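All chains, please: the whole structure from these sequences, using the hints.
There are 2 protein chains.
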Amino acid sequence: MQRTLIKDLKQHLGESVTIKGWVSVRRDQGKLVFFDIRDRSGTIQTVVPPKSGAFESAKDIRVEYVLSIEGIVNTRPEKNVNAKVENGDIELAIDSITVLAKAEPLPFDMSVDGFNLDLPTELDHRALTLRHPRFQAIFKVQAVIIDSFREFMKKEGFFEFQAPAIAPATAEGGAEVFQVEYFDKKAYLTQSPQLYKQIVMTAFERVFSVNKVFRAEPSTTTRHLTEIVSLDAEMGFIDSWTDVRDMSEATVRFILQRVSEQCAKELEFLGTTVPVMLEKTPTYSLTEVFQKLGVPEDKDLNPEQERRLCELVKEETGSDFVYVYGYPTRQKPFYVYPNPEQPEFNEGMDLLCRGVEWLSGGRRINDYEQLMEHVQLWNMDPQKIAMFLEAFRYGVPPEGGFAFGAERMTMQILGLKNIREATMFPRDMNRIDYPLSENRTDA
Amino acid sequence: MQRTLIKDLKQHLGESVTIKGWVSVRRDQGKLVFFDIRDRSGTIQTVVPPKSGAFESAKDIRVEYVLSIEGIVNTRPEKNVNAKVENGDIELAIDSITVLAKAEPLPFDMSVDGFNLDLPTELDHRALTLRHPRFQAIFKVQAVIIDSFREFMKKEGFFEFQAPAIAPATAEGGAEVFQVEYFDKKAYLTQSPQLYKQIVMTAFERVFSVNKVFRAEPSTTTRHLTEIVSLDAEMGFIDSWTDVRDMSEATVRFILQRVSEQCAKELEFLGTTVPVMLEKTPTYSLTEVFQKLGVPEDKDLNPEQERRLCELVKEETGSDFVYVYGYPTRQKPFYVYPNPEQPEFNEGMDLLCRGVEWLSGGRRINDYEQLMEHVQLWNMDPQKIAMFLEAFRYGVPPEGGFAFGAERMTMQILGLKNIREATMFPRDMNRIDYPLSENRTDA
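Chains D and Y supply the protein sequences, listed in that same order.
Going by the numbering used here, the first residue of the first sequence is number 1090, and it counts up by one from there.
Going by the numbering used here, the first residue of the second sequence is number 1090, and it counts up by one from there.
A few of these clues could be false.
[As the list claims (entries may be wrong)] Under the rule of at most 25 angstroms between Cα atoms (straight-line distance), these lysine-lysine pairs were calculated in the DSS-like manner:
id, chain 1, residue 1, chain 2, residue 2
1, D, K1275, Y, K1369
2, D, K1506, D, K1301
3, Y, K1244, Y, K1229
4, Y, K1301, D, K1243
5, Y, K1473, D, K1096
6, Y, K1243, Y, K1099
7, D, K1099, Y, K1244
8, D, K1229, D, K1120
9, Y, K1244, Y, K1369
10, Y, K1229, Y, K1354
11, Y, K1473, D, K1191
12, Y, K1099, D, K1244
13, D, K1099, D, K1229
14, Y, K1275, D, K1274
15, Y, K1301, Y, K1506
16, Y, K1243, D, K1244
17, D, K1243, Y, K1244
18, D, K1274, Y, K1301
Rather than coming from a laboratory, the hints here were simulated on the basis of the structure.
Just so you know, these numbers come straight off a predicted model, no measurement behind them.
Now the structure itself:
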């Protein structure tokens, strides 16, 4: 018999169907055995009636067995209806069971409420913990974040390109970059697709990429990984850096809306709601922020100041988001556009939410001569960015762009405490799949 | 005045508009100066009338200048209509021009017909050649291939995940793998997301990824790169390897259809058509293929045999595609499923098109004990694939999957001679942006 997906069972009330899936829960109640079965589409309670031919075979079936089940879809008696769970008003009365695969006894409690591992153990057993509804929910939200970024970009006329991961040189400083043995040469993993997306923008005008970037940060904070998914956009023909702010705001707004719509069940399960974005997000220059906080002006905000700013803005306006622009020009990369009126401040910007930076961007220098001046001032080797510089010799409109990390946005939307929870296979200085101190690698 | 995109100009006949874009062509005809202007949406011929205030400023404007132009959208006089080009029935009469950015004189002819560079020069100048319609067309097709892969996967209930690029060990042999200096340890760039996609499949049932993979192949053929975009799928609850074949066939069919629909203009410009896929693609076992070719049975097809097979199938059936399955089990990786009737042959498969392999896949072993037997037989270190093996301890349905490279498919659909033409920033053993022999790197 053709397989029926669990989400479609309600269309087959009273009919005999075949479902296939994993055993999430086994419950023995006197003469009745119940299995909660899950497939990619949902979960259903099934019951083995005492006189069923399946009763004997049901005896040995444990959690995570993979089954093909034939049975009848029934409405539950009124007293057994559970409005709080999916398919709580129906159940499947089993006629026969085929075991498609056995499972060993689990090494820990994987039930919805009983699951309670420390983070290292959770990550060591990623192959199994991914089956828990908590992680199914987290990575569903992440998939929607990434997919809705692409959806919005395409809607706005942005062209998708594939940024490279291997780079020939460390253009922007080499401290936090991974080195690759490239045949008999050295190469590097890209820390950002920045220069490539600017090149491609000069040909396609509006471009985006979803791309891995790599940071050799020797830190073990709750916010940093060595490999992340970067969502990048770059656009030509802007009139001002505020066009970039507006596009980035519209992008985040669209993502939050899609997550709310498509992940309502997951947000509820995780006990959270998406942050509040006002029609116009409060926007302050760095100088204004220091005045607001009543502290002396500095080169950048420290984490504590970021938290206080977000709290203040939330109290004053109700917004969970705040833009900060106008950082000291020399604090930022060579390509960031200096404010023509006050060249010591640039037209870069950050979007903060709930105390943490979500997104960075701003206007870039598009004039070739100005760019070459900055290359000199920043003491850079023009040979190492020759391809980037060539793009700007041949006519580039005023432009800007922005970027954000998919894992950090997942973490922040869901209020997770550690970015490793928002990453399927997190890499940091101590872990690649397993702790690097354990002898599971070639190293 | 608000900018109008060039594709929308026909809706503004007789009106004054502002367009912004690059000068593709400058033509001087006596007292008239013409500019072909392009933006992200299209191309339009503009003309500077002799009495226009813009006539003086037009004098210095060269190819690739970036302009903001105000003018009136006119229908062309009958005799000037050119049905062969985009917007060939209208033109823009220029009132005023603002130069947004200047361009240096080009280092080579970038006109549609005059462009004629050898491949190394074309790649050295990627920052500029990307502006040529040939490459705009190629990378448009590539973006559609990748996007329609994702579209079809989502339609079929596949879940998108992000496969890692950094791996802890070289599970499947280390010869062609890049090594990364990972703090004080060694790590590696993934050659394939194979084991990770199988892990994620055990939790999400149907999964896909669009992901960079890396091969340290010391070859300089027209088909090989060191960094490619891999399109990967894996599905549980199959009944037979032919379910995988059917899903891969439907995926390729959908991609070809989307490319035909969304890239008609690009295919015409590049002078090509998509390959012919029949309702049911001819499918032969490797043994049958050798009989068909009239050559002695061997372990695999060589490139010449692949070409001959495709020619034969094309002659006999009209199909540009052919599936080959049933390779010798010990020739393939440990996870490939052996045919239960003839365990010396496996249920892996390749899809060939126009003489070249496009896609590989097949059924995998899902039974933990059988998997462990293969791990022993293949002489593998179970510690190095511990996370993968753990997934299979806890119940995995019969499953399979497939993978193909975005660049090779782009190359093959468009009949390009070299995969580097189908890659925006190709990396090989001699080139990362520029030839590695030149001193532009840190190496």
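Right, here's what the structure says about each hint:
no. : hint                : in the structure
1   : K1275/D <-> K1369/Y : 48 angstroms, violated
2   : K1506/D <-> K1301/D : 22 angstroms, holds
3   : K1244/Y <-> K1229/Y : 22 angstroms, holds
4   : K1301/Y <-> K1243/D : 21 angstroms, holds
5   : K1473/Y <-> K1096/D : 38 angstroms, violated
6   : K1243/Y <-> K1099/Y : 36 angstroms, violated
7   : K1099/D <-> K1244/Y : 21 angstroms, holds
8   : K1229/D <-> K1120/D : 38 angstroms, violated
9   : K1244/Y <-> K1369/Y : 21 angstroms, holds
10  : K1229/Y <-> K1354/Y : 11 angstroms, holds
11  : K1473/Y <-> K1191/D : 24 angstroms, holds
12  : K1099/Y <-> K1244/D : 21 angstroms, holds
13  : K1099/D <-> K1229/D : 24 angstroms, holds
14  : K1275/Y <-> K1274/D : 17 angstroms, holds
15  : K1301/Y <-> K1506/Y : 22 angstroms, holds
16  : K1243/Y <-> K1244/D : 18 angstroms, holds
17  : K1243/D <-> K1244/Y : 18 angstroms, holds
18  : K1274/D <-> K1301/Y : 21 angstroms, holds
Violated hints, in rising order: 1, 5, 6, 8; the structure is consistent with all others.
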